[in-house]
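Chemist: Chain by chain, the residues run as shown.
Number of protein chains: 4
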Amino acid sequence: MYSFMNDYSEGAHPRILELLTKSNYEQNTGYGEDLHSEKAKNYIKKHLKNENVDIHFIPGGTQTNLLVISSFLRPYQCVIAAETGHINVHETGAIEATGHKVVTVPSKDGKVTPAAIEQVLNYHSDEHMVQPKMVYISNSTELGTIYKKEELTAIHQMCKSKGLLLFLDGARIGSALTCQQNDLELSDIADSVDVFYIGGTKNGALLGEALVICNKELKEDFRYLIKNRGALMAKGFAAGIQFEALFQDNLFFELGIHANEMANKIAFVLKDCGYSFYAQPCTNQLFPIIPNNLLEKLSKEFLFSIQTKIDDQNTVIRFVTSWATTLESVDALTNFFIKNSK
Amino acid sequence: MYSFMNDYSEGAHPRILELLTKSNYEQNTGYGEDLHSEKAKNYIKKHLKNENVDIHFIPGGTQTNLLVISSFLRPYQCVIAAETGHINVHETGAIEATGHKVVTVPSKDGKVTPAAIEQVLNYHSDEHMVQPKMVYISNSTELGTIYKKEELTAIHQMCKSKGLLLFLDGARIGSALTCQQNDLELSDIADSVDVFYIGGTKNGALLGEALVICNKELKEDFRYLIKNRGALMAKGFAAGIQFEALFQDNLFFELGIHANEMANKIAFVLKDCGYSFYAQPCTNQLFPIIPNNLLEKLSKEFLFSIQTKIDDQNTVIRFVTSWATTLESVDALTNFFIKNSK
Amino acid sequence: MYSFMNDYSEGAHPRILELLTKSNYEQNTGYGEDLHSEKAKNYIKKHLKNENVDIHFIPGGTQTNLLVISSFLRPYQCVIAAETGHINVHETGAIEATGHKVVTVPSKDGKVTPAAIEQVLNYHSDEHMVQPKMVYISNSTELGTIYKKEELTAIHQMCKSKGLLLFLDGARIGSALTCQQNDLELSDIADSVDVFYIGGTKNGALLGEALVICNKELKEDFRYLIKNRGALMAKGFAAGIQFEALFQDNLFFELGIHANEMANKIAFVLKDCGYSFYAQPCTNQLFPIIPNNLLEKLSKEFLFSIQTKIDDQNTVIRFVTSWATTLESVDALTNFFIKNSK
Amino acid sequence: MYSFMNDYSEGAHPRILELLTKSNYEQNTGYGEDLHSEKAKNYIKKHLKNENVDIHFIPGGTQTNLLVISSFLRPYQCVIAAETGHINVHETGAIEATGHKVVTVPSKDGKVTPAAIEQVLNYHSDEHMVQPKMVYISNSTELGTIYKKEELTAIHQMCKSKGLLLFLDGARIGSALTCQQNDLELSDIADSVDVFYIGGTKNGALLGEALVICNKELKEDFRYLIKNRGALMAKGFAAGIQFEALFQDNLFFELGIHANEMANKIAFVLKDCGYSFYAQPCTNQLFPIIPNNLLEKLSKEFLFSIQTKIDDQNTVIRFVTSWATTLESVDALTNFFIKNSK
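Chains as they are written, first to last, in this note's numbering: chain R, 24 to 365; chain Z, 24 to 365; chain D, 24 to 365; chain F, 24 to 365.
These are computed hints drawn from the structure, not numbers from a lab.
There may be inaccurate statements among the hints.
One copy or two, it doesn't matter: identical chains are merged, so the pair holds either way.
[What the hints assert, rightly or not] Straight-line alpha carbon distances no greater than 30 Å define the calculated BS3-like cross-link-like pairs of lysine-lysine that follow:
no.: 1; residue 1: Lys183; residue 2: Lys239
no.: 2; residue 1: Lys242; residue 2: Lys156
no.: 3; residue 1: Lys185; residue 2: Lys332
no.: 4; residue 1: Lys156; residue 2: Lys131
no.: 5; residue 1: Lys185; residue 2: Lys242
no.: 6; residue 1: Lys183; residue 2: Lys332
With the sequences and hints as input, model every part of the structure.
Modeler: Written out as structure tokens, the structure is:
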């Protein structure tokens with residue numbers, strides 16, 4: 024049974040495995056101070072068109088999020104996120120466990136707006152309330168939507184004018200930056216945020232996120248902070264090698280393009296069959312609204328996740344495609360809907 | 024230049040890489056709930072001769088240590104460790120960052136004794152002091168020494184009689200259990216401690232530690248705790264596959280044996296050349312005392328680490344061997360000493 | 024200018040000051056292990072008709088809240104509170120600073136309902152989300168409303184059936200238990216919750232909250248927890264003496280009655296003048312809706328706080344009365360409204 | 024039975040109680056923003072001969088210590104303290120509970136030296152170890168000794184040259200600054216440290232410590248930090264009034280002088296009787312070495328505390344005098360020794 028549950032079901036892209044295998048017997052310096060990590064960082068900087076950033080490889084997304092938030096906020100400061108934000112909903116309190124409140128803004132499409140940020144600032148007026156100091160956004164968002172350049176710029180300006188740090192969670196930035204609606208480049212992001220990360224786990228790596236610190240005031244002693252949170256891997260080179268493979272050419276983006284193409288095909292057919300979507304299809308996560316009476320049948324042939332019951336007769340489900348999604352499985356899925364939708 | 028810096032310089036044992044490659048396109052359930060992790064756990068349980076333990080794969084050692092300690096202690100409770108203990112010295116305050124004091128006992132050989140534990144208990148007499156609740160030991164220790172069965176049993180009994188939890192850090196348990204002086208089996212450890220871990224990173228895996236919870240009162244909701252600390256990997260199967268390869272047969276132990284044999288050869292020659300050791304050679308870490316005037320020359324041919332200046336003329340250095348250490352490099356090192364020692 | 028800003032503007036009730044003065048030169052054991060604290064606890068237990076509770080005096084409310092929540096939750100567990108709850112809004116992230124998320128439920132009147140609790144439980148379904156383990160309610164609430172016996176019983180039963188701890192913040196329990204609509208006694212509360220506190224600061228003491236632990240499983244080592252959070256006062260007897268004065272007879276309740284009477288007078292006149300209220304007047308906090316054009320004039324004669332702008336022309340303000348509120352000042356306030364309202 | 028257990032057995036100095044009583048019905052702004060707190064701060068600044076400090080009143084000493092340390096250190100940074108330091112031994116892990124390691128230096132007399140600080144710095148050489156960032160000293164120390172001007176200056180210079188913050192715990196600064204050996208003034212301390220506090224609790228107040236932030240880079244948002252740790256008292260004026268009484272004239276120092284005089288008398292007689300001391304008598308804490316066979320008899324007439332068993336036949340005990348110690352009780356104690364010592 025084919026799974027559209029998520030984009031981290033398979034191992035690593037073969038070119039990553041190849042490089043891991045090829046360099047297997049080299050002796051590397053530990054803790055990410057090896058030559059592969061060095062190379063990987065340089066490749067990424069080239070893609071960023073920016074030499075003035077610090078890059079660190081962190082094993083996973085939750086860890087990257089908690090590390091960033093706890094490192095750059097003082098104890099009484101909070102982070103603003105969309106209600107749907109990963110750090111608010113799906114990290115088992117990992118952010119709060121480091122001592123910081125997540126203050127949420129309502130969001131229909133997974134995005135944060137300058138107006139919503141301003142409302143939070145107006146409300147938090149004195150020392151009896153947490154002090155907002157950081158804005159967390161994800162691109163693509165938890166609903167598969169993306170930020171357009173104009174939107175990101177507006178948030179950036181709001182943050183700058185209010186003294187807020189801007190943190191972009193790029194667990195799915197590969198899909199975001201390669202989708203049709205996108206008008207952002209990696210370098211735009213580095214110019215607009217204080218810190219962000221480039222997700223490896225959900226875009227073809229076995230593990231690893233490349234954290235990019237753009238704001239130079241945040242760079243100091245960051246390796247201490249990584250270690251202090253338990254995120255400094257002895258074999259840091261294993262992440263370095265993977266990002267080397269992803270960024271020495273355009274592999275990272277090719278994988279995003281593939282995932283998006285697979286999603287587009289599914290979205291196209293679903294629309295054609297008359298289904299509507301909870302959030303506009305855009306990247307590799309699709310949220311079609313499916314009549315409940317089709318769900319059981321669908322679930323006998325495919326794995327997917329339930330997002331929410333939208334009314335008595337319909338359910339929002341989630342399909343996720345990835346670098347490893349086969350055309351064959353997409354065809355099977357679209358055929359299912361063509362057959363079952365009249 | 025050959026490195027004896029540590030046991031995590033190379034990638035993964037080829038049989039691990041093979042299994043990763045072979046299963047690369049399988050679709051796995053996320054977050055460690057996949058079939059490979061299931062299999063790996065079953066293999067480990069067989070080696071433990073114990074079905075009644077819970078096993079979780081955690082990306083790294085510091086993370087495992089902080090997770091265990093913060094999960095099982097209440098806020099006012101502390102962990103007792105040897106002065107030389109990894110959690111006391113080399114984790115950048117990662118344990119304290121979770122809110123817990125590490126209370127140390129002096130130790131010449133890296134080991135904790137029942138008498139030392141009792142002294143801590145006697146001193147911590149009232150509610151104005153932290154309450155000791157856990158003992159942390161490592162096997163092999165940070166000085167390469169091991170616990171004999173008798174010693175472990177004595178600590179276990181002291182802990183039981185005093186209501187203390189016993190936690191064994193097995194980052195290098197592969198080397199410990201396969202060295203000549205060892206009289207412990209994995210099953211003895213599971214019988215003697217409340218929780219321990221089997222280190223993959225330092226024994227041939229790319230990453231991953233297998234945390235074994237033996238005390239059933241500690242098992243509840245542990246996956247919540249892993250996630251809460253950012254240690255639940257999306258591609259948990261990547262760790263599962265590695266431990267499957269290590270434990271489906273005796274690979275894990277074979278790798279320990281190899282590392283120890285390489286260390287033994289070095290120790291034998293060094294002793295023969297008249298060098299003494301800061302801690303008795305036993306496992307894959309050696310701490311020879313080297314005259315300062317030899318250090319520079321040695322460092323031009325080999326990588327190693329400085330442990331401590333023992334007096335004006337001599338320095339304790341550390342050589343570490345591993346699953347990947349070649350006989351050729353060992354010969355080069357021993358030849359160096361044979362040539363330079365008279 | 025008379026202040027209706029809050030119920031902690033004046034010092035202590037004279038009978039409290041008297042007892043402090045009278046016992047000033049006695050030599051007391053430190054850290055709350057003195058005879059006055061002992062007596063105070065016994066008096067409170069009599070009022071509770073319950074010998075089987077543990078009582079601890081804590082300097083302030085925020086500290087009591089953070090102490091309770093952090094002591095009884097494991098790291099991945101959260102507390103459920105009304106959106107308006109003090110711990111959510113007005114404690115500068117003090118709860119999150121101890122590592123725990125506050126999950127909120129919408130509330131018009133400051134109260135939590137069993138249905139709202141159930142909704143939170145249904146939503147938090149797996150280990151990727153925080154685990155709800157405690158419900159926080161305040162009586163009276165932050166909007167001056169109270170829980171009726173039936174309501175508290177319903178919450179209690181919901182909590183019991185779902186394995187949730189129930190924590191009642193009684194910073195203003197004096198006013199709550201002595202208002203006209205109330206049908207609860209202190210003993211009902213001790214029977215219904217796992218832990219609660221009796222607020223001294225807002226009911227005539229200089230400082231101090233009496234924390235009552237009803238659930239025997241929560242009692243162990245609690246003095247360690249108090250000290251660990253910095254809340255164990257060297258001169259604990261200073262709080263003990265104050266609670267002795269408050270509970271050796273009915274002073275605590277008399278002070279609540281007075282505060283409520285003063286509030287009732289104000290509420291009566293305001294209603295009579297045609298003003299409506301944001302939350303139904305009940306205890307010593309009143310939330311009248313005042314036309315903006317009256318605000319400036321009012322603020323020249325009285326101190327009060329702004330709650331929220333309810334529409335373009337009206338504002339919800341807050342008046343608070345206390346044990347120290349004089350009839351004269353109440354008359355001045357009511358006269359203001361009589362004069363200015365037609 | 025008279026107690027020499029500690030300096031917080033009695034209530035408040037009568038002039039403090041008087042001022043509390045006199046101002047009891049005034050209506051004050053909450054949370055320390057009242058006029059009494061304002062006045063008290065101004066009086067203290069005059070004594071400090073320094074307008075450029077920020078002063079905050081905190082309820083207790085442990086809370087002040089944890090607040091300072093957690094506010095000014097980043098997560099991976101530690102504080103250096105003497106082994107005997109209050110924060111290391113007697114705060115139930117309250118510092119570690121905020122996430123920071125206390126790294127200790129050996130100390131015979133309770134004092135920290137520049138050499139000891141330097142040794143810690145040399146040892147903590149890389150990002151795998153905590154980073155020392157603050158030095159904690161207490162004056163008088165936990166052994167009753169004091170820092171001379173020369174010693175404080177030397178520590179200050181070491182800290183400055185190494186980028187360390189210097190924090191002085193002044194829980195017993197009243198006794199320290201008024202003892203015969205002292206050559207420091209309050210203003211010297213403000214010039215030498217980054218932050219310190221003036222202890223009220225142990226020098227005649229019911230509660231309260233005056234935290235003085237001298238380093239202007241540490242001042243920002245400190246009220247947020249106080250609230251975030253639960254240390255912002257609603258009736259902050261109650262502490263303000265007490266410090267007003269202590270500092271509007273020289274009361275604070277007079278109380279220290281009295282305590283020291285009482286201690287001197289005891290020390291004089293004890294020396295005369297041939298007893299030696301564990302630490303040189305200096306301030307209001309005395310640590311005489313008493314033969315075990317005298318202990319039981321002594322404990323039938325006086326309360327005191329046991330410090331440590333120094334050998335098989337002798338025990339170090341602690342006598343503490345205070346603002347409230349009577350000449351009569353001192354005479355009783357000295358007579359006991361005169362009678363029982365030959």
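Chemist: Confirm or reject each hint.
Modeler: Here is how each hint holds up against the structure:
1. Taking the shortest alpha-carbon separations for Lys183 and Lys239, both the intra-copy value of 15 Å and the inter-copy value of 24 Å come in at or below 30 Å.
2. For a Cα distance limit of 30 Å, the shortest separation of Lys242 from Lys156 qualifies both inside one copy, at 17 Å, and across copies, at 17 Å.
3. In this assembly of identical chains, the alpha carbons of Lys185 and Lys332 lie at most 30 Å apart only when taken from different copies (24 Å versus 38 Å within one copy).
4. Taking CA atoms no more than 30 Å apart as the test, Lys156 paired with Lys131 passes in both settings, with 23 Å inside one copy and 29 Å between copies.
5. Both within a single protomer and between protomers do Lys185 and Lys242 lie at most 30 Å apart by alpha-carbon distance, with minima of 21 Å and 20 Å respectively.
6. Taking identical chains as interchangeable, the C-alpha atoms of Lys183 and Lys332 lie at most 30 Å apart only when they sit on different chains, with a minimum of 28 Å there against 39 Å within one chain.
The structure agrees with every numbered hint stated previously.
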